[in-house]
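Student: So the protein sequences, as listed, match chains E and X. If you're matching positions, the first sequence starts at 0 in numbering that gives the first Met the number 0 and goes up one per residue. If you're matching positions, the second sequence starts at 0 in numbering that gives the first Met the number 0 and goes up one per residue.
Please keep in mind that the hints were generated in silico from the structure rather than gathered at the bench. This structure is a prediction, so every number in the text was calculated from the model and none was measured. A virtual CB, placed ideally from N, CA and C, is assigned to each residue, including glycine. Treat the hints with care, as some may be off.
Restricting the straight-line Cα-Cα distance to at most 25 Å, the calculated cross-link-like pairs of lysine to any residue (SDA-like) are [claimed, not checked]:
hint, chain 1, residue 1, chain 2, residue 2
1, X, K253, E, E138
2, E, K158, X, P191
3, E, K158, X, M198
4, E, K158, X, L282
5, X, K253, E, L41
6, X, K194, X, K253
7, E, K318, E, E252
8, E, K26, E, L77
9, E, K158, X, K253
10, E, K363, E, K314
11, E, K314, E, E330
12, E, K158, E, A120
13, X, K158, X, E15
14, X, K33, E, I42
15, X, K265, X, E280
16, X, K308, E, L41
17, X, K253, E, G153
18, E, K344, E, R361
19, E, K363, E, G153
20, X, K41, E, V17
21, E, K158, X, R199
22, X, K308, E, L16
23, E, K301, E, Q443
24, E, K158, X, Y327
25, X, K33, X, D20
26, X, K41, E, T20
27, X, K265, X, D181
28, E, K158, X, R290
29, E, K314, X, E280
30, E, K364, E, N144
31, E, K366, E, L161
Partial list, computed: chain X residues near chain E (C-beta under 10 Å) [what the hints assert, rightly or not]:
hint, residue
32, E280
33, Y283
34, D284
35, Y327
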Amino acid sequence: MAKKIVEVAMPQLAESLVSATVDRWLKQPGDMLDMYEPICELITDKVNAELPSTVRGKLVKHLIGAGETVEVGAAICLVEVEAEAEASAEPQSSDSPASSSGEAPASRPAAAVLPAAGFDANAPMRHRYSPAVQRLAAEHSIDLNRVPGTGEGGRITRKDVLEAVASGNAAIETSPAAPTPAPSSAPAPSAASLAPMDPKIPVRSSGIHLSESPRIPSIEVEGQELPGRGEYFIDVTPIRNTIATRMRQSVSEIPHGWMMIEVDVTNLVLLRNKLKDEFRKREGINLTYMPFMIKAVVNAIKDYPIMNSVWAVDKIIVKRDINISLSVGTEDSVVTPVIRHADQKNISGLAHEIDDLARRTREKKLKLDDVNGGTFTVNNTGSFGSILTQPIINYPQAAIITFESIVKRPVVINDMIGVRSMVNLCLSLDHRILDGVICGRFLQRVKENLEGYNLETKVY
Amino acid sequence: MPVIEYIEAIRLAMKEEMERDNDVFVLGEDVGLKGGVFGTTKGLQQQFGELRALDAPLAESAIAGVAIGAAMAGMKPVAEMQYSDFMFPATNQILSEAAKIRYRSNNDWDCPVVIRAPIGAGVFGGLYHSQCPESVFFGTPGLKIVAPATAYDAKGLLKAAIRDPDPVLFFENKKCYRLISDEVPEEDYIVPIGKAKVMREGTDLTVIGYSMPLHFAMQAAEELSSELGIEAHILDLRTIQPLDRDAILEAAAKTGKVLIVHEDNKTGGVGAEVGAIIAEELLYDLDAPIRRLCGPDVPATTFHAPGEKHFMLNKEKLKTAMLELARY
Numbered sequence: 000m001a002k003k004i005v006e007v008a009m010p011q012l013a014e015s016l017v018s019a020t021v022d023r024w025l026k027q028p029g030d031m032l033d034m035y036e037p038i039c040e041l042i043t044d045k046v047n048a049e050l051p052s053t054v055r056g057k058l059v060k061h062l063i064g065a066g067e068t069v070e071v072g073a074a075i076c077l078v079e080v081e082a083e084a085e086a087s088a089e090p091q092s093s094d095s096p097a098s099s100s101g102e103a104p105a106s107r108p109a110a111a112v113l114p115a116a117g118f119d120a121n122a123p124m125r126h127r128y129s130p131a132v133q134r135l136a137a138e139h140s141i142d143l144n145r146v147p148g149t150g151e152g153g154r155i156t157r158k159d160v161l162e163a164v165a166s167g168n169a170a171i172e173t174s175p176a177a178p179t180p181a182p183s184s185a186p187a188p189s190a191a192s193l194a195p196m197d198p199k200i201p202v203r204s205s206g207i208h209l210s211e212s213p214r215i216p217s218i219e220v221e222g223q224e225l226p227g228r229g230e231y232f233i234d235v236t237p238i239r240n241t242i243a244t245r246m247r248q249s250v251s252e253i254p255h256g257w258m259m260i261e262v263d264v265t266n267l268v269l270l271r272n273k274l275k276d277e278f279r280k281r282e283g284i285n286l287t288y289m290p291f292m293i294k295a296v297v298n299a300i301k302d303y304p305i306m307n308s309v310w311a312v313d314k315i316i317v318k319r320d321i322n323i324s325l326s327v328g329t330e331d332s333v334v335t336p337v338i339r340h341a342d343q344k345n346i347s348g349l350a351h352e353i354d355d356l357a358r359r360t361r362e363k364k365l366k367l368d369d370v371n372g373g374t375f376t377v378n379n380t381g382s383f384g385s386i387l388t389q390p391i392i393n394y395p396q397a398a399i400i401t402f403e404s405i406v407k408r409p410v411v412i413n414d415m416i417g418v419r420s421m422v423n424l425c426l427s428l429d430h431r432i433l434d435g436v437i438c439g440r441f442l443q444r445v446k447e448n449l450e451g452y453n454l455e456t457k458v459y
Numbered sequence: 000m001p002v003i004e005y006i007e008a009i010r011l012a013m014k015e016e017m018e019r020d021n022d023v024f025v026l027g028e029d030v031g032l033k034g035g036v037f038g039t040t041k042g043l044q045q046q047f048g049e050l051r052a053l054d055a056p057l058a059e060s061a062i063a064g065v066a067i068g069a070a071m072a073g074m075k076p077v078a079e080m081q082y083s084d085f086m087f088p089a090t091n092q093i094l095s096e097a098a099k100i101r102y103r104s105n106n107d108w109d110c111p112v113v114i115r116a117p118i119g120a121g122v123f124g125g126l127y128h129s130q131c132p133e134s135v136f137f138g139t140p141g142l143k144i145v146a147p148a149t150a151y152d153a154k155g156l157l158k159a160a161i162r163d164p165d166p167v168l169f170f171e172n173k174k175c176y177r178l179i180s181d182e183v184p185e186e187d188y189i190v191p192i193g194k195a196k197v198m199r200e201g202t203d204l205t206v207i208g209y210s211m212p213l214h215f216a217m218q219a220a221e222e223l224s225s226e227l228g229i230e231a232h233i234l235d236l237r238t239i240q241p242l243d244r245d246a247i248l249e250a251a252a253k254t255g256k257v258l259i260v261h262e263d264n265k266t267g268g269v270g271a272e273v274g275a276i277i278a279e280e281l282l283y284d285l286d287a288p289i290r291r292l293c294g295p296d297v298p299a300t301t302f303h304a305p306g307e308k309h310f311m312l313n314k315e316k317l318k319t320a321m322l323e324l325a326r327y
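Please put together the full structure from these sequences, using the hints given.
Tutor: So this is what it looks like as C-alpha cells:
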C-alpha cells in the first residue's frame, strides 16, 4: 500500500498563544504512532501539555529538537502514513503555513510576466483611462494611443504614462496643449485675408473662408461611415479633446463679462496701404493689421496692468511680462501660440513674429514652448468675416480681445456724415478680477491707440 | 536598543507613567493581584500598592464611570476593559460623558482618562473575546482613538494618551501581545497622537491600515518584492481618530492605487472614512478604484477553527489583494 509523508503542526493550545516550546520528545523516529497518542510534551506561557497525534503512522523525523520554540502552525515532525489515510491527513498538511506559502509563489511568477513592448490596441481595458492617467497625459502632452499598457486587460497605468514621459516616446508633436479660447480664427497674417485697402474701393475685409472654397476638414475623413444610417461618427482627436476640456473649464470656472467698442481705423487703413508694398519688398512678408492691433493692445495693457493677471482665489497674480497669445485657426482646430515680451517689439518685429507663428502652426511645427506662458489673448476674428463675437477666455488669463472685420460705414462726425472705415473690438473679461469701469477705460485706451495711427507712424 | 514584546511595551508605559506622575493609576478586572488576564499590569500592584492598581468588580460601566469621575476630579486613570468585547456596557459612559464633558461645560471640566481595551481575533477566543469595536466609537467628536501595531508605537502612544488632556481609547491588539517584538528605547519618549507613519516605501501600490493586519501586509510586501519586484508603500495610521489626513493623501498620491485594510468589518469601518477622504481630495491622482480588505460583515468570528481561519485576514489574503491591485 502506498505511503505518504505528512507534517504534524504546532497547535494553538490556548488563546493569545503564538508559540510553544517542545520540552521532551515522547516518540522517536521509527516509533509507530496511534491516533491521539502523545508525541511530545509542550511548554507555553500558560500551560504545559502533551501533544496528541492527529494521524496514525510511523514517526519519520523530528523537525525541531527538544527545548526549541516554534510559532503556532509550524511543522514539528514528519509522519509516514498509509495512503488511505491521505484523505484525512491532507488537510492537515495543507493547513500548515509552511506548505501553503510554499506553493503559492510558485504559481504566480508566470502570470506576472508583463505584456511585451508591442501592445494590443483592442485589449478590453485599453481605453479605460483612470483620472491619474488622463491628468498626466494632458499635463505632459502624451498621446495615449502610443503608450503601451501593462495593467490588467491592457490598461494604461499611471506608471506607463510616467514611463512615456521619461522616455519622450509618445509626446504630441504639435503641442496642442495650448488652450484656445475663441471660435477658430484664421492665421492672423494670412495674405489673402484682407482685401487691398485702397480707400476708393469697399474695405469690407473677407476671411480665408470667404475667399477660398473651404477644404473638407481632415477630421471628418477619419469618421466612420455607417451605411444606411442618417448619421455618422467622428472620432474625437486628442487636440479636439484638449480644446473641449479647456473651453469647458474656462466657461464653468470663469464668470465671463462682455463688452464691445467701435473704433474708427480710417487712418490705419490709409497707413497700411501706404506701407504694404514697400514692406513686402523689404521684409518679404505681408504687412497686416494684426501687428498694429497688438501694439495698440500691448500699450493699453501697460497703462492698465490688471488686464494682464490671473485669478488665484485668495489673491490676484499680476504678470509683469506681457506675452500675447495669438489665436491661430487651422481647418480642424485652433491653437494659441505666444508672442513673448510683446511690449519690447516694434510693429515690424511683431509682423515677423506673427508670420512665423502662423506659418509654423499651419505646418504643425509648434513646440511646447511656443504655446505656453501667454498672459493675454488677441484673436483676429475679422479674418473670417465676423463683425461681432463673444470669445471664451483663454484659461487662466483675465481677458481676451477680438479684432473684427473692418467695414466702411456712414459715421456722424461734427454733425456731418462721412464714410469711414470702422471696426468692432470685443472683450470678454473675468468678472472676478475685472469690472466694467476698468475694462471700459482699457478699451478706450486701445481705441485711442488705434485711432492715433496716422500716415507719419513708423513701423520700425 | 532592547527588543521587547508589544505587551511588555504597554506594561512599561504604564509603569513609567505611574513612576513619573502620582496621579496616574490603573483599574480594571484582575489588573491588581493577578496583574491582568494577559499579564499586562503584572507587578504594578506590588510596586505601587492596592490604591494605584485597583481590582474592580465585573462591571465595565462602573470601571469607566469611576475612571471618568476620577479624571474630572484631577486624576489620570488608565482603565482596562479586559476584552474590548466587554466594553459595550461602558459605551454610554464613554460616549455621553467622557467625550462630551469639555464641550458641554464650556471648557470648565476636562476628562484626561485612558481606556485600554484588547481587540482582535485569531486567538481562538470566539464571539466575545475577538471583536474589533473601533467603528462603534469612531466618528464620535471628543474622543481620540489609537491602535498601535508595533511595540515602539504601543509604548509611545500609551504615554502620549496618559499625558493627553482628553479621553483616549487605546485599542491594543491581543494577537500582537507576544507575536510582535521590536526595538524600544529605554529612555522616555512619546509617539504623537494623530500622526501616521510610513512603514515601508514603495511605488506600485499603497496599503493603508492599522493594528495587526499591517504585519500581514508587511510580510506580503516582502514576498511581492522578492518574487515579482512589486514594491508596496505601507502606511500605519496609528491613530484612527483624528485621522492624519495629510499622511493619507500623501501616501495615496504616491502610487494612485490604494488598498485599505483592517480587521473590523468592512461596512461603516475606519476604511470607509479613509476611502472617502481620498475620493474627496485626490480624484485626479487615482489610478485604480480604492479597495478595502476587511473582516466580513458578520457579528464576530466563530469559535471553531476553520471558521476563524476563514474570518481572519492573513498574509495570503493580503498578498492576493495587493497583487491584484498592483497589476490593475
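Student: All hints, please: hold or fail.
Tutor: Evaluated hints:
At roughly 17 Å between alpha-carbon atoms, X/K253 and E/E138 fall within 25 Å of each other, so this suggested pair holds. Only pairs whose Cα atoms come within 25 Å are accepted, and E/K158 paired with X/P191 is rejected, the gap being roughly 34 Å. Restraint check for E/K158 and X/M198: satisfied, since their Cα atoms lie roughly 22 Å apart, inside the 25 Å limit. Our distance criterion of 25 Å between C-alpha atoms is met by E/K158 and X/L282, whose separation comes to about 17 Å.
The hinted pair formed by X/K253 and E/L41 fails the criterion: a straight-line CA distance of about 48 Å is larger than 25 Å. With a C-alpha separation of about 18 Å, the suggested pairing of X/K194 with X/K253 holds against the 25 Å cut-off. Note on E/K318 and E/E252: the hinted pairing holds, with a Cα-Cα distance of about 20 Å set against a maximum of 25 Å. The hinted pair formed by E/K26 and E/L77 meets the criterion: a straight-line CA distance of about 12 Å does not exceed 25 Å.
This hinted pair checks out: E/K158 and X/K253 have alpha carbons roughly 11 Å apart, not beyond 25 Å. A C-alpha spacing of about 37 Å is found between E/K363 and E/K314, which places the hinted pair above 25 Å, so the restraint is violated. Between the alpha carbons of E/K314 and E/E330 the distance comes to roughly 39 Å, so the proposed pair goes past 25 Å and is violated. Distance hint between E/K158 and E/A120 is fulfilled; the C-alpha atoms sit about 18 Å from each other, no more than 25 Å.
About 9 Å separates the Cα atoms of X/K158 and X/E15, which keeps this hinted pair within 25 Å; it holds. A hinted pair counts as satisfied when its Cα atoms are at most 25 Å apart, and X/K33 with E/I42 qualifies at roughly 21 Å. Among the hinted pairs, X/K265 with X/E280 is consistent with the structure: their alpha-carbon atoms are about 22 Å apart, no more than 25 Å. Restraint check: the Cα-Cα separation between X/K308 and E/L41 comes to about 23 Å, which is no more than 25 Å; the hinted pair holds.
At roughly 22 Å between alpha-carbon atoms, X/K253 and E/G153 fall within 25 Å of each other, so this suggested pair holds. For the given pair, E/K344 sits about 24 Å from E/R361 by alpha-carbon distance, which is consistent with the 25 Å threshold. Only pairs whose Cα atoms come within 25 Å are accepted, and E/K363 paired with E/G153 is rejected, the gap being roughly 31 Å. For the suggested pair X/K41 and E/V17, the alpha carbons sit about 20 Å apart, so the restraint of at most 25 Å is met.
Restraint check for E/K158 and X/R199: satisfied, since their Cα atoms lie roughly 19 Å apart, inside the 25 Å limit. Our distance criterion of 25 Å between C-alpha atoms is met by X/K308 and E/L16, whose separation comes to about 16 Å. Restraint check for E/K301 and E/Q443: satisfied, since their Cα atoms lie roughly 14 Å apart, inside the 25 Å limit. A distance of roughly 11 Å separates the Cα atoms of E/K158 and X/Y327; the hinted pair therefore holds under the 25 Å criterion.
Distance restraint check for X/K33 and X/D20: the Cα-Cα separation of roughly 23 Å lies within the 25 Å cut-off, and the hinted pair is therefore satisfied. At most 25 Å may separate the alpha-carbon atoms for a hinted pair to count; X/K41 and E/T20 meet this at roughly 23 Å. With a C-alpha separation of about 29 Å, the suggested pairing of X/K265 with X/D181 is violated against the 25 Å cut-off. Our distance criterion of 25 Å between C-alpha atoms is met by E/K158 and X/R290, whose separation comes to about 19 Å.
With a CA separation close to 22 Å, the supplied pair E/K314 and X/E280 stays within the 25 Å bound. A hinted pair counts as satisfied when its Cα atoms are at most 25 Å apart, and E/K364 with E/N144 qualifies at roughly 20 Å. A distance of roughly 20 Å separates the Cα atoms of E/K366 and E/L161; the hinted pair therefore holds under the 25 Å criterion. Restraint check, X/E280 versus chain E: the minimum CB separation of about 12 Å is more than 10 Å; hint violated.
With a cut of 10 Å, the hint placing X/Y283 at the interface with chain E holds, because the nearest CB-to-CB distance is about 4 Å. For X/D284, the suggested interface contact is upheld, since its CB lies about 5 Å from the closest CB of chain E, less than 10 Å. Because the beta carbon of X/Y327 sits about 5 Å from the nearest beta carbon in chain E, less than 10 Å, this interface hint is met.
The structure fails hints 2, 5, 10, 11, 19, 27, 32 (numbered hints given earlier, in ascending order).
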